[in-house]
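These protein sequence lines are chains A and B, in that order.
With the first sequence counted from 1, adding 4 to any position gets you my numbering.
With the second sequence counted from 1, adding 68 to any position gets you my numbering.
Derived from the structure by calculation, the hints contain no laboratory data.
You can take every hint at face value.
Below, a list of computed lysine-lysine pairs in the DSBU-like style, where the Cα atoms sit at most 30 Å apart:
1. 160/B / 229/A
2. 189/A / 290/B
3. 229/A / 223/B
4. 265/B / 51/A
5. 248/A / 398/B
6. 340/B / 268/A
7. 235/B / 269/A
8. 101/B / 162/B
9. 235/B / 237/A
10. 189/A / 265/B
11. 248/A / 290/B
12. 268/A / 235/B
13. 268/A / 290/B
14. 229/A / 162/B
15. 368/B / 248/A
16. 238/B / 269/A
17. 259/A / 340/B
18. 392/B / 248/A
19. 269/A / 290/B
20. 162/B / 237/A
21. 259/A / 368/B
22. 259/A / 398/B
23. 235/B / 189/A
24. 398/B / 268/A
Not everything, but these chain B residues come out facing chain A in the computed CB check (under 10 Å):
25. 173
26. 186
27. 228
28. 327
Just so it is clear, CB atoms sit at the ideal spot from N, CA and C, and this is done for glycine as well.
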Amino acid sequence: MHIVVCVKQVPDTKIIKINPKTNTLDRRSAPAILNPYDAHAVQEAVKIREITGGTISVLSMGPPQATEIIRKSVEIGADRGYLISDRAFAGADTLATSYALSKALEKINNEHPVDMIICGKHAIDGDTGQVGPGIARRMDIPPITNVIEVSEVNQKENTVLIKRKLTNGYELIQSNLPCLLTVEKEINDIDYSPMPNMIKAARYEPIIWAVSDFENVDRSQMGLKGSPTIVGKMFTPPRPEGGKRLDGTTDEQVKQLMELLMEKKDLLTIQSAK
Amino acid sequence: MNLDDYRGVWVFIEQNDGKIEGVSLELLGAGRKLADKLQVPLAGFLLGNEIKPLANKIISYGADVVYMVDHPVLKHYRTESYMRGVMLLAEKYKPEIILYGATPNGKDLASAVATDLNTGLTADTTMLDVDIDNRLLEASRPAFGGNIMATILCKKHRPQMATVRPKVMKALEPVSGRKGKIIEENISLQEEDMRTKVLQIVNDVTKKANLADAHVIVCGGKGMGDLQNFQLLYEFAETIGATVGGTRDVVEAGWLPHHLQIGQTGETVTPKIYFAVALSGAIQHVVGMKNSDFIIAINKDPNAPIFDVATYGIVGDAMEILPKLIEQFKQLRTEKGGEISYV
Chain A
5 MHIVVCVKQV
15 PDTKIIKINP
25 KTNTLDRRSA
35 PAILNPYDAH
45 AVQEAVKIRE
55 ITGGTISVLS
65 MGPPQATEII
75 RKSVEIGADR
85 GYLISDRAFA
95 GADTLATSYA
105 LSKALEKINN
115 EHPVDMIICG
125 KHAIDGDTGQ
135 VGPGIARRMD
145 IPPITNVIEV
155 SEVNQKENTV
165 LIKRKLTNGY
175 ELIQSNLPCL
185 LTVEKEINDI
195 DYSPMPNMIK
205 AARYEPIIWA
215 VSDFENVDRS
225 QMGLKGSPTI
235 VGKMFTPPRP
245 EGGKRLDGTT
255 DEQVKQLMEL
265 LMEKKDLLTI
275 QSAK
Chain B
69 MNLDDYRGVW
79 VFIEQNDGKI
89 EGVSLELLGA
99 GRKLADKLQV
109 PLAGFLLGNE
119 IKPLANKIIS
129 YGADVVYMVD
139 HPVLKHYRTE
149 SYMRGVMLLA
159 EKYKPEIILY
169 GATPNGKDLA
179 SAVATDLNTG
189 LTADTTMLDV
199 DIDNRLLEAS
209 RPAFGGNIMA
219 TILCKKHRPQ
229 MATVRPKVMK
239 ALEPVSGRKG
249 KIIEENISLQ
259 EEDMRTKVLQ
269 IVNDVTKKAN
279 LADAHVIVCG
289 GKGMGDLQNF
299 QLLYEFAETI
309 GATVGGTRDV
319 VEAGWLPHHL
329 QIGQTGETVT
339 PKIYFAVALS
349 GAIQHVVGMK
359 NSDFIIAINK
369 DPNAPIFDVA
379 TYGIVGDAME
389 ILPKLIEQFK
399 QLRTEKGGEI
409 SYV
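From just these sequences and the hints, can you work out the full model?
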């Protein structure tokens, strides 16, 4: 069983600041981290490997510093890592990103056939969730998004049983292998990394590829050139006027609020005293 | 690609077991405005099995044309079978804009279709407009963790596609007897060619319905301080029969499970009363709650953006105000002999 997990380095959006004058991201304001959903994707691969045996590779696209998140993935349990890094990839939207990653996946697949690809549901900086299904289409394998459980991997039949989250519940899907999964956070809890993983990770150097390492590659589908979408403008939405402020001391404010709520009392369920 | 070959605004009508998802009707409302501005027809397109009875409903909600692909293999949503249906329609009729609900299936389908059509797709849009002169869809969404909006354009590829958050756009009032055209397309699909099978669909209403159907929501932010203080929200919610939700920060801190998160990457809610307690009102949160009927914000910071969307604001400490509110309600309950229920 060979599982490839696609991972992304993202700014920690909880901390990141925006320059209000230029409406641009102040990337220095936030540390770069392994996209949290991708950490769960690596963990799920580790869980599957415990049962099936095999190898976990991680693949990322990004600047040379993205080596850090590959090390983090090795810490969680990945066996090896690939980083594709080239200025030609810069400015890629989701379509160009899935193209570049699929070129790397083809190369990995030629060297060591891939049985399953796992991605996080989305990255917390882009919040799109579009790259995973895009890769699946390019690799011509079925995508299964929003996965909350990998219930069974049947290596004999070459199938997998998956629980996929829906708006109101979930569905149980059987898919042929190879397939691509995108996982929700609730799929697992990240284990503490065992010491040998930490030691391996600290010294780990990923395999780094540039565009020139790929064969049959169409440069017009990469980076900014290969991206059909562009950001037209950034703006802070006009601030609505806002409602009334309730004045006075805390007690006065509470009194006014009670009066307002009593006008809406048909909506409230006042619990009966027990 | 000749961009002028592409005309018309299309909405993907998501149906499950013959029931149309609410977001699809909302998108017919939003799509109607875009189509009128561009002076083109609005179409709804749907795939499934035995779906013909749905056509009139789609027309009554604003569509001029309904495209249908009906086949037993399309009974349940599957990326591979559904995308083949969409490709068939899109390549034949060449719409300039396609909108999908940002549901699990809508997002999955749109992502796959965008790849095969080699076109642009904007995710989780919350505002839609068109630049009439250039016939460009302006799809805007919160970006970078949600403190700013970005307008995404797709200038040189068609169709221009976007997924749109549920409960953000408004459906039109249905007009019964409204006239429209129904076009059916045949597709050849074999079950044996499918690489996935849907074995079972389990509706689990207990988890999600709570927030989506709640009339009254008490939503807490990181300003509650810690997990222990956060429990006060439960006490208040219980007193008035409300459901508790939280912001992204609160969920990431582990105070609440993800299905109770309100905002861009959580639930979008439209309750009758919304208490925004000790939360600042980041854009990514506000897009998930701003359509609530009556919003009460409690925050220490008088400049918190949440006050801009609130119907009434209280500048103050939630830890002081909530206990007093709870006490008032308890007193009310005692006065009424403990038998009062307003519902």
